[in-house]
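Turn these sequences into a full structure, and let the hints steer you where they fit.
Numbering of the sequence shown is given in our numbering, commencing with residue 1307 and proceeding in unit increments.
No wet-lab data here; the hints were simulated from the structure. Do not take every clue at face value.
Stated by the list, open to error - Mimicking SDA-like on lysine to any residue, the simulated pairs with C-alpha atoms at most 20 Å apart in a straight line are:
id, residue 1, residue 2
1, Lys1334, Thr1321
2, Lys1357, Gly1347
3, Lys1311, Val1323
4, Lys1311, Tyr1330
5, Lys1311, Pro1328
6, Lys1311, Lys1334
7, Lys1334, Val1322
8, Lys1311, Val1325
9, Lys1311, Val1322
10, Lys1357, Glu1367
11, Lys1334, Ala1346
12, Lys1311, Val1326
13, Lys1311, His1324
14, Lys1311, Thr1321
15, Lys1311, Ser1327
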Amino acid sequence: MTKDKYEATFHFEHTVVHVVSPEYVTEKESQQLLNSFHLAGWNAWNSLNTKQQERLNQDEE
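See below:
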């Protein structure tokens, strides 16, 4: 894909937004990406101390 080709272009006042479509990925690649996102989320959660985790849980209730 070249930089000049976009799926869509939107203009919002003084901002131009170009939407690009992702390259094709197989189901296996898609699952690997989702698993890596899931793992990154848990790593971020586990890096918090207990008080921070409890505070975030309370914010969601």
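Here's how the hints hold up against the structure:
The hinted pair formed by Lys1334 and Thr1321 fails the criterion: a straight-line CA distance of about 36 Å is larger than 20 Å. With a C-alpha separation of about 18 Å, the suggested pairing of Lys1357 with Gly1347 holds against the 20 Å cut-off. The suggested pairing of Lys1311 with Val1323 holds, with an alpha-carbon distance near 13 Å, which does not exceed 20 Å. Our distance criterion of 20 Å between C-alpha atoms is met by Lys1311 and Tyr1330, whose separation comes to about 16 Å.
Restraint check for Lys1311 and Pro1328: satisfied, since their Cα atoms lie roughly 12 Å apart, inside the 20 Å limit. A distance of roughly 27 Å separates the Cα atoms of Lys1311 and Lys1334; the hinted pair therefore is violated under the 20 Å criterion. Of the supplied pair hints, the one linking Lys1334 and Val1322 is violated, its CA atoms being roughly 34 Å apart against a limit of 20 Å. Annotation: proposed proximity of Lys1311 to Val1325 holds, straight-line Cα distance about 9 Å (limit 20 Å).
With a C-alpha separation of about 14 Å, the suggested pairing of Lys1311 with Val1322 holds against the 20 Å cut-off. Between the alpha carbons of Lys1357 and Glu1367 the distance comes to roughly 16 Å, so the proposed pair stays at or under 20 Å and holds. Taking the CA atoms of Lys1334 and Ala1346, the gap is about 18 Å. The hint holds against a cut of 20 Å. A C-alpha spacing of about 8 Å is found between Lys1311 and Val1326, which places the hinted pair at or below 20 Å, so the restraint holds.
Between Lys1311 and His1324 the CA atoms are separated by roughly 9 Å; this keeps the pair inside 20 Å, and the hint holds. Restraint check for Lys1311 and Thr1321: satisfied, since their Cα atoms lie roughly 18 Å apart, inside the 20 Å limit. Of the pairs offered as hints, the one joining Lys1311 and Ser1327 holds, with about 10 Å between alpha carbons and a cut-off of 20 Å not exceeded.
Hint violations for this structure: numbers 1, 6, 7, all remaining hints satisfied.
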